[in-house]
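Protein sequence lines correspond, in order, to chains Z and U. Position one of the first sequence corresponds to residue 28 (the working numbering), numbered consecutively onward. Position one of the second sequence corresponds to residue 2 (the working numbering), numbered consecutively onward.
Keep in mind that a hint or two might mislead.
[What the hints assert, rightly or not] Have a look at the derived ranges for each label pair, beta carbon to beta carbon:
#1 Z:39 <-> U:409: 38 to 44 Å
#2 Z:377 <-> U:326: 34 to 40 Å
#3 Z:40 <-> U:568: 55 to 61 Å
#4 Z:377 <-> U:236: 50 to 56 Å
#5 U:267 <-> Z:36: 23 to 29 Å
#6 Z:377 <-> U:494: 52 to 58 Å
#7 Z:61 <-> U:480: 28 to 34 Å
Please keep in mind that the hints were generated in silico from the structure rather than gathered at the bench. Note that the Cβ used here is the ideal one computed from N, Cα and C, for glycine as well.
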Amino acid sequence: MSFQRPNFRHPELPVNELGYRKKDYEGSLSTLCAGCGHDSIGGALIQACFELNIEPHKLAKLSGIGCSSKTPAYFLGNSHGFNSVHGRMPSVATGANLANRDLMYLGVSGDDDTASIGMGQFVHLIRRNLNITYIVMNNGCYGLTKGQDSATADKGSKSKAGSVNEFQNIDLPGLAIELGAGFVARSFSGDKTQLIPLIKAAMAHPGFALIDVISPCVTFNNNVGSTKSYDYVREHIDATSTIDFTPPAEEITAQYADGSSLQLAMHDGSLLHLRKIQTGWDPTKKDSAVRALHEAYAKAEILTGLIYIDENQEDLHALLNTTETPLNKLQEKELVPNSSVLNDLNASFR
Amino acid sequence: MQTHPVINDFVVRFANVNGTGSASANNMFAKAIFRMGIPVTPKNIFPSNIQGLPTWYEVRVSDKGYLGRREGVDIMICVNPQSMKADIAGLKSGSYFVYDNTKPLHKEFIREDINYIGIPLTEITLREYTDPRQRMLFKNIIYVGAMSALINLDMDILKQIISEQFQGKEKLIAPNHHALELGSQYVKEHYSFPLKFKLERRDLLKDKILFEGNAACALGAVFGGATVAAWYPITPSTSVVDAFSEYAEKFRVDPESGKNNYAIVQAEDELSAIGMVIGAMWNGARAFTATSGPGVSLMQEFLGLAYFAEVPAVLIDVQRTGPSTGMPTRTQQSDILCAAYASHGDTKHVLVIPSTPSECFEFTRQAFDLADQLQTPIIVMSDLDLGMNDHISDPLAINEDIKFKRGKVLTAEELENMDRFGRYLDSDKDGICYRTIPGTHPTRGMYFTRGSSRDEYAIYTEDGAAYKRNMDRLNKKWETIKSYVPQPEFYQNEQTSDLGVIFYGTSVYSALEAKDDLASQGIHMDAMRIRSFPFNEEVSDFISAHRKIFVIEQNRDAQMRSLLINEMDINPDKLIRVLNYDGLPITAHHIESIISKHLDVQPNASKSNLESTSISAS
Chain Z
28 MSFQRPNFRH
38 PELPVNELGY
48 RKKDYEGSLS
58 TLCAGCGHDS
68 IGGALIQACF
78 ELNIEPHKLA
88 KLSGIGCSSK
98 TPAYFLGNSH
108 GFNSVHGRMP
118 SVATGANLAN
128 RDLMYLGVSG
138 DDDTASIGMG
148 QFVHLIRRNL
158 NITYIVMNNG
168 CYGLTKGQDS
178 ATADKGSKSK
188 AGSVNEFQNI
198 DLPGLAIELG
208 AGFVARSFSG
218 DKTQLIPLIK
228 AAMAHPGFAL
238 IDVISPCVTF
248 NNNVGSTKSY
258 DYVREHIDAT
268 STIDFTPPAE
278 EITAQYADGS
288 SLQLAMHDGS
298 LLHLRKIQTG
308 WDPTKKDSAV
318 RALHEAYAKA
328 EILTGLIYID
338 ENQEDLHALL
348 NTTETPLNKL
358 QEKELVPNSS
368 VLNDLNASFR
Chain U
2 MQTHPVINDF
12 VVRFANVNGT
22 GSASANNMFA
32 KAIFRMGIPV
42 TPKNIFPSNI
52 QGLPTWYEVR
62 VSDKGYLGRR
72 EGVDIMICVN
82 PQSMKADIAG
92 LKSGSYFVYD
102 NTKPLHKEFI
112 REDINYIGIP
122 LTEITLREYT
132 DPRQRMLFKN
142 IIYVGAMSAL
152 INLDMDILKQ
162 IISEQFQGKE
172 KLIAPNHHAL
182 ELGSQYVKEH
192 YSFPLKFKLE
202 RRDLLKDKIL
212 FEGNAACALG
222 AVFGGATVAA
232 WYPITPSTSV
242 VDAFSEYAEK
252 FRVDPESGKN
262 NYAIVQAEDE
272 LSAIGMVIGA
282 MWNGARAFTA
292 TSGPGVSLMQ
302 EFLGLAYFAE
312 VPAVLIDVQR
322 TGPSTGMPTR
332 TQQSDILCAA
342 YASHGDTKHV
352 LVIPSTPSEC
362 FEFTRQAFDL
372 ADQLQTPIIV
382 MSDLDLGMND
392 HISDPLAINE
402 DIKFKRGKVL
412 TAEELENMDR
422 FGRYLDSDKD
432 GICYRTIPGT
442 HPTRGMYFTR
452 GSSRDEYAIY
462 TEDGAAYKRN
472 MDRLNKKWET
482 IKSYVPQPEF
492 YQNEQTSDLG
502 VIFYGTSVYS
512 ALEAKDDLAS
522 QGIHMDAMRI
532 RSFPFNEEVS
542 DFISAHRKIF
552 VIEQNRDAQM
562 RSLLINEMDI
572 NPDKLIRVLN
582 YDGLPITAHH
592 IESIISKHLD
602 VQPNASKSNL
612 ESTSISAS
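Work the whole structure out from these sequences, hints included.
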């Protein structure tokens, strides 16, 4: 059976600059377990898109397979969605983006969808620097098949059944930085104040932007001994900075203008304000970001926030020198050589 | 031993070493015959290797215009000592063996019943050239020059071809011309005969072209409006995208901005390649990928998604010899079943099957229209023989100014004027639904594309009745598709016999020759060439109208026969397998011998004494 959210909302809900209400960014009713971290991320996405004044139809949301990949049905109901095959969302997103560079692309994936079956496509997506916001809803376990460890489960972490994971985890932000991603962040589904500005900044970033969101699985991985349970994450979280995001053309405030803050101008004119909490860490320096990750890991802390940013990368379209007009808008006259060309070609084959 | 001359009817085979630059010399040889107006069929028979192993190039010349491969070699040009023993052993009596006689031949290579023509290729190149690479390259041109004198191949045409080939590198023209002369002069000075086999100018080819299928597919993609090509290199399909890239650079760069009206991505694997195609076509661009059997295997999951979610896609499958890695550089028609039924669940895909370069062009161009109109993957079933060899073909043609057929895509205005958009509603009762492209309308037309079951409004459901309605509609669409895809081709106006022969793709060349040969012995058969799957009524009518039907294919398991039986409930006894699966193109002789056996008649005497020449390195 299908679930539909009731249409009724309070008539005087606030509207954003485009006249959209928050409900215009909602989707159908979630079928995930009550309390699932993924739904919190969906909520953050709704808020971020509302605040960013995104036209819902100018955004396409794509996902793979798994609990995480089901979620695009639960937000941005006025956006086209594509729930593709397991681990292969990056290629579908790449094709979609090549076809129409004017839309915004949101990739939604899970830890298995990205770090196991989809690892190949994930790393090549970064390599090509597709302009996409890529969110991993990372719970360290397989929800749909009832709780097996995933490749991001920490070594020594205990599953609900009590077995201990013997294998090294794959750290997606660390991997992404190594691969040359221009925007790498980690957050926690229970920390909307951090997650929402991160999503907004990721969407403004003109290339690949990863947000790895620790999103506890309330049903299969919220037990004692799990390093991705709510309690564990709350106890071990360590933010790099506090973050605020100012959309383009808005008056720039000086709220973080003290000595420990950093203002980053994004290409679309928006600003990212960071107030550092971590010492000796600079998000614009790769080695510094990697070191911060490693130091946190050594202390069994989960480092969250914007970890690394390089705003000066060229995205896939720039690398391929494609025309500014979206390829799907080109017509016969731009695409089909005239018939005399064919005659000349035929002559050359004689 | 000179007997009656044989004009324009023989097979020449070159035995070369892979990677020595022989390909362009051999191509020049075939092209020159083509320009003499004589039907010619060149075939590369090459190893799966970059350099060093034996490679052959076989050219059949046929005044009658038979363009299939023929067994038996009349003239062998042996430039590869490694394969010489086997090359000599495979020759039939009375044939010619052209070799490098810089050193005398060992006596084990001497046969009394063949003619030896020695040309001191090494000696000439040592004398004429100082650079080792030049010595290697010009050896090839010298033997073409020698052939010119031996079989009356037009020297002016050869020189003309060289001049065209080196346009822009003019200083290379004179040395190449000189090399041709060296070969020709040597023959004229040392041998008094033109061979028994010789060429005479004809005017049999009119406006025909000599072209390869892969580049023709690439041009089909250019004229079909493809803007996205995503691929993973694999023999023998690689040159499809290479050629697309070349043509796109020529025809698709905006002169004002210098920006590309196309995007080509070399994917990390075939899964990604087809994923990109699906993403791009879902988003309204025209996209394609090219691959071969192992790639099709990897693309199965995505093909199933595209079938079920009804996303257009274009895939060019240049078939090679399977299963598994098989023989990557040999030809076969063995992806039929795996392409037709790619993926799990009840899935079937539209196949279009070209036989000539002009059909490669046309079918690929049409594939984009079909994909958009039918909202499903279209697989162009080429093969190595068609894709990587030059074939005489009708010129590439377009009817008029091309208008893309975009199919049922709703505009913002249409969405505005409708009650409720249902992505999987069968509004026109033809099984084909209306789709929307992302970004079209601010509040209408949005839907969720998914590989899981959904209702007519694209909303997820596990309701059995809704699932069944959808699957039944897909079957209805399958019926509709029959009127869209290329119809079969028949080779006579009406029924002449109760025997029929069915073939497809590159089997056409030898099948038609076999049909003629058998007719000359009083065995008449009606012929039908299948050009697409699903099969339409004309296919089933042809099968019903004939008592016995021979199905000619280049695979072991008679895959098209299985598909016909499976899809149309034909009595299997009626369809007789005529198969070849040694990796080389099927021959008329082979077809005739199988059909004759079934009909209990003697095969054509003039052909049956041909020795089968196996090709293998000693």
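key: Hints not upheld, ascending by number   = Of the numbered hints, 4, 5, 6 and 7 do not hold.
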